[in-house]
Amino acid sequence: MRPRIAEWRFMLKRIRQSSLAVAGLLILLAFVAIAVLAPVLAPPYSSDPFIVPADRLLAAVTPSPTPPTTAHIFGTIGSDQGQFDLYYICIWGTITAFRVGVLVVAASLLIGLIIGTAAAFYGGILDEVLMRFTDVIIAFPTLVLAMVLAIAFPGSIPINFSMVMLAVSLIVMFALLAIRPDRRLMLVDLLIIVFSLYSVFSFPLNVQLGLSQLDKVLFAITIVGWPGYARVIRGEIMRVKNEDYVEASKASGSSDFRTIIKHILPNSIYPILIVATLDIGSIVLTTAALAFIGVGAPVNYADWGQAISRAQSWISSADLIIKNMHVFVIPGLFIVFFVVGWNLLGDALRDVLDPMMRRR
Amino acid sequence: MSQESIVDVRDLEVKFYTYAGIVEALDGVNLSIKKGEILGLVGETGCGKSVTSLSIMRLVPPPGKIVGGRILYKYGSVQGNVLEMSDHSLRKLRGKDVSMIFQEPRAYLNPVYSVEDQIGEVMLVHKKEEILQNAVSAIEKKLIENRRIALEKQRVRLEKQKTRNKKDKMKLEERRARLEKEISKLASKPPSNFEVRIYKRLIRSPRSRIVAFQARFSRKRQFKKELRKEVVRVLRSVEIPDPERVARMYPHELSGGMAQRIVISMALSCNPTLLIADEPTTNLDVTVQAQILNLIVTLKKGLGSSILYITHDLGVVAQSCERVAVMYAGNIIETADVFETFSNPLHPYTRALLRSIPRPGEPFRSIPGFVPSLVNPLPGCRFHDRCEYAMEICRKTKPPFFEVKPSHYVACHLYGGLK
Amino acid sequence: MTNLLQLSNLKKHYPILGGILKRRVASVRAVDGVSLTIQRGECFGLVGESGCGKTTLGKTVLRLFKPDSGSIFFDAPEDVVEEIIRLKQKDPQSRRLRALRGQYDIATYHGADLQPLRRKMQIVYQDPTTSLDPRMLVKDVIAEPLVAQGIAGGEEAKKLVMEILERVGMSDRALYRFPHEFSGGQRQRIAIARALVSRPKFVILDEPTSSVDVSVRAQLLNLFTDLQREFGLTYMFISHDLSIVECISHRVAIMYLGKLVEYAVTDEIFHNPLHPYSQALIASVPVPDPTRRKRRVPLTGEVPSPVNPPVGCRFHPRCPIAMDICKKKEPELLDVGKEHYVACHAINSSIEA
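Chains as they are written, first to last, in the working numbering: chain A, 30 to 389; chain B, 5 to 423; chain C, 127 to 479.
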């Protein structure tokens with residue numbers, strides 16, 4: 030117990046020593062505070078707090094954005110539904126940003142981890158197939174592919190559960206054949222295949238999955254994002270796989286699964302964490318970029334990117350840009366600080382973890 | 005082998021400022037290397053032998069710092085206290101007077117350059133003029149030969165020519181005389197071409213920027229040929245079989261023994277006064293080790309260099325060194341001639357070390373205890389907690405390093421020495 | 127049943143893949159037909175230089191690698207072993223052979239069959255820095271064989287770990303530390319504790335003292351002999367350091383390029399080496415006695431690559447007494463008297479004559 034705590038304390042000390050790291054941490058803590066205190070700072074107007082309240086009275090007076098006033102602290106953006114309060118958008122947009130960043134990164138991390146680990150650990154044809162599949166996805170320009178996927182995803186997906194079960198069991202069978210035929214597992218899998226075939230033709234299980242616009246974007250970015258993690262983890266695992274202690278674990282009787290979980294992953298996960306931390310900021314930027322193009326959250330959704338996207342219509346000439354500056358500068362600043370905070374934290378993590386890894 | 009020493013290390017202190025604390029790596033090291041001798045520096049891991057050798061070249065990496073003592077360099081072109089030398093003198097010292105070879109030779113060879121390129125680079129630093137001269141001679145020889153053949157042909161043609169009258173005959177005679185004169189002048193004033201002129205200019209003014217610029221854009225074919233020949237000669241001198249083929253290889257294709265030979269050849273190419281060998285054969289097979297040891301001793305005899313041979317293998321020391329210095333926890337605790345050291349070790353650590361060599365049929369004897377931590381070390385002799393002869397004074401005062409018998413120095417209170 | 131381990135013509139090759147389709151273009155013949163027996167309770171020394179295949183042999187015996195051909199008999203009745211070897215020569219396709227091999231020849235095991243072996247055969251690696259997981263506490267490192275094989279868990283495992291730690295000479299305080307907090311010698315003790323916690327019968331020691339200091343080596347060697355006596359262990363001591371092998375082994379085998387060239391009782395090998403390679407090897411060891419200085423270089427040249435070993439006797443390009451037959455035919459490992467086996471045409475023919 031004690032040496033692990035000593036390790037954490039050493040890490041914290043190193044973080045404290047770097048002022049940039051402290052700055053990043055403070056920025057993020059500020060954002061966390063905003064996110065937590067959102068209901069207090071900007072009380073929601075309806076059951077879904079992410080729907081921005083529209084001020085119709087102000088819209089009747091002037092349809093164009095108004096600069097900051099006491100009623101609307103950051104000013105407003107005009108739209109066909111009324112004036113949106115920028116302050117509200119920025120506050121609740123913080124939660125959206127965290128949601129987007131953390132969810133997407135967690136999902137792509139998980140997928141990338143599984144695929145990369147399988148490819149690296151078992152090698153051979155499994156590695157080739159998985160990596161070529163990864164390469165295909167990387168070959169597409171990220172933003173374009175994300176855009177296409179976000180647009181093309183149907184609003185509600187009817188999931189045929191039995192088809193899914195069939196597909197999964199077929200994949201498992203393929204993996205078993207490629208890695209190591211284990212008679213018991215194969216028998217169980219065969220039963221599942223038979224069962225799912227039967228259910229496809231007799232009583233298909235259907236589930237309707239409704240996806241909101243934002244959800245579709247998140248899905249898209251996840252699909253586009255996991256190959257990066259898969260590649261990084263594959264590289265790390267290939268390095269760790271050949272270390273003596275992995276072989277020693279095998280000599281001690283560990284199963285493959287145990288070796289991966291207890292030895293390989295803990296020793297290879299650090300670079301991934303660093304990439305993931307940096308990615309959270311970058312994901313938010315990507316989402317904002319997509320929103321700017323028009324593929325993103327609905328118009329009245331509290332999202333920074335959405336706000337800037339709407340700002341497009343109000344900056345058509347030079348003096349309008351200056352007059353309506355608050356419309357894109359303020360949400361823009363929120364995005365910038367958010368991303369900078371995560372970047373600083375990621376860099377700090379890298380600086381801290383590197384000597385720790387080297388100290389071994 | 006004369007008794008004069010070329011390097012005198014006195015009271016060298018080196019400290020490492022790390023996160024864990026201040027490591028007192030060297031605590032007053034006294035060492036002197038004599039001309040033409042092989043001095044073995046023996047000690048276990050962490051005793052400071054590598055740090056000592058790096059200090060002699062002032063190459064101690066941060067967070068290490070040389071905080072005290074003197075390293076007097078007494079031979080060769082650059083003399084004085086290494087720790088106080090200017091950068092310019094230091095650069096002259098390293099590589100020319102003192103060179104170093106390391107434990108893992110392939111780590112010290114650039115993996116993207118072939119052997120030829122790397123040895124060639126060293127040649128360029130030290131032997132450029134010689135190679136240029138060789139190139140000039142080679143080209144001139146060829147040019148003279150070509151010209152001579154052409155002139156000979158002319159002469160034959162002239163002789164065959166028939167004359168019609170006296171005027172023609174006189175002209176013929178003139179031409180013949182001129183021809184003879186030219187043939188005789190060939191040797192003394194050889195013909196030249198563009199390449200030879202560049203080389204000659206380079207030899208005359210090696211530092212001129214204009215000449216260097218001109219040389220940059222010329223083919224330098226002969227120079228490269230001569231360089232390659234020199235590389236092959238160097239490879240042959242370190243007993244590498246099939247040197248032409250090896251010259252074209254890359255470091256990752258070399259075996260440990262071959263890579264070490266190449267590194268040795270690079271280190272000895274400038275005839276250094278002192279060669280520091282930091283465990284050069286530790287990673288090699290025992291048969292290759294025997295070959296390399298033999299090579300080092302033979303080369304040393306030829307060049308008259310001194311060698312500081314760092315190792316932890318007492319067998320190697322017994323077989324190739326002339327004097328031995330034993331190090332423990334940052335101090336040199338005994339220095340003596342090799343026969344003396346093995347037959348009559350004075351310091352308790354040396355005795356324990358020799359006893360711990362495994363011998364068949366005898367029980368294994370180890371030294372009890374552990375090497376002390378060099379962060380905040382205890383006062384007094386650093387060996388006292390493991391020493392079987394420890395006395396009260398050993399806990400308090402550090403023993404001085406002095407001459408107990410002629411040429412046999414020890415740092416131990418058992419032998420007195422305190423004034 | 128005095129033989130604990132018997133190897134019969136064991137081979138392990140590594141494919142070298144080349145070309146776009148990554149076909150096997152050549153093989154590294156790491157272990158190329160090794161047969162030997164190790165008796166219960168003895169320390170069997172395996173000596174050779176880099177590239178000779180000794181580490182590969184050790185790990186193949188442990189079934190960390192799958193052998194390409196040959197047999198490994200571990201704790202099998204001797205009559206069965208004899209029968210299998212006889213059947214392999216006379217009737218290689220017989221069903222009885224396949225059945226017997228499936229049961230007794232661990233070279234044919236795969237998957238779950240290997241699990242019970244892990245408890246009986248263990249290994250101590252050369253470098254304790256890399257063989258212990260840097261992120262695991264010492265108690266987890268040592269307890270791993272118990273947990274992984276389901277022998278014990280939780281409190282019982284901790285008790286066994288503490289017992290074995292004490293036996294290797296380390297205190298309880300090591301339990302909750304990381305391996306990198308210890309010195310090289312202590313880390314090697316932790317590795318030894320891990321190997322012995324499941325009370326194996328056979329331990330492969332792969333150069334266990336090469337990474338530690340000279341003064342600590344004696345401690346470890348004493349520990350090995352004590353533990354062997356106390357737990358009734360059998361060792362295969364792999365090393366390139368002949369002086370240590372001479373002190374600790376009962377019998378010694380010398381390997382060159384994937385094959386055994388000589389093996390006998392320790393005294394015989396070191397005082398009467400017959401094979402030219404053994405003689406050169408023993409003569410190359412620097413003796414720590416300056417009065418006995420040798421200036422000759424016993425062996426010239428480098429070890430050839432195991433990808434393309436020389437035809438015939440593998441040592442013939444460097445052998446001082448090579449004959450014509452050495453370039454064509456590989457010598458067999460024959461007993462030249464007193465259970466001293468040599469694979470050399472010159473020696474074998476002179477004994478016959």
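Just so you know, the hints here were simulated from the structure itself, not pulled from any lab data. A quick note: this is a predicted structure, and the numbers were derived from the prediction, not measured. Worth double-checking, as some hints may not be accurate.
Pairwise CB distance ranges (calculated) [as the list claims (entries may be wrong)]:
id, chain 1, residue 1, chain 2, residue 2, range
1, B, PRO372, C, PRO218, 28 to 38 Å
2, B, LEU128, A, GLY264, 52 to 62 Å
3, A, GLN46, B, ARG363, 46 to 56 Å
4, B, LEU128, A, LEU314, 20 to 30 Å
5, B, PRO372, A, ASN271, 35 to 45 Å
Backbone N, C-alpha and C define an ideal beta-carbon position, used for all residues, glycine too.
Now the hints, each set against the structure:
1. B:PRO372 with C:PRO218: 28 to 38 Å: This hint is violated: roughly 58 Å between Cβ atoms.
2. B:LEU128 with A:GLY264: 52 to 62 Å: Distance hint for B:LEU128, A:GLY264 is violated at roughly 39 Å.
3. A:GLN46 with B:ARG363: 46 to 56 Å: This hint holds: roughly 53 Å between Cβ atoms.
4. B:LEU128 with A:LEU314: 20 to 30 Å: violated, 51 Å
5. B:PRO372 with A:ASN271: 35 to 45 Å: The hinted range 35 to 45 Å holds for B:PRO372 and A:ASN271, with Cβ atoms some 38 Å apart.
Of the hints listed earlier, those the structure fails to meet are numbers 1, 2 and 4, in rising order.
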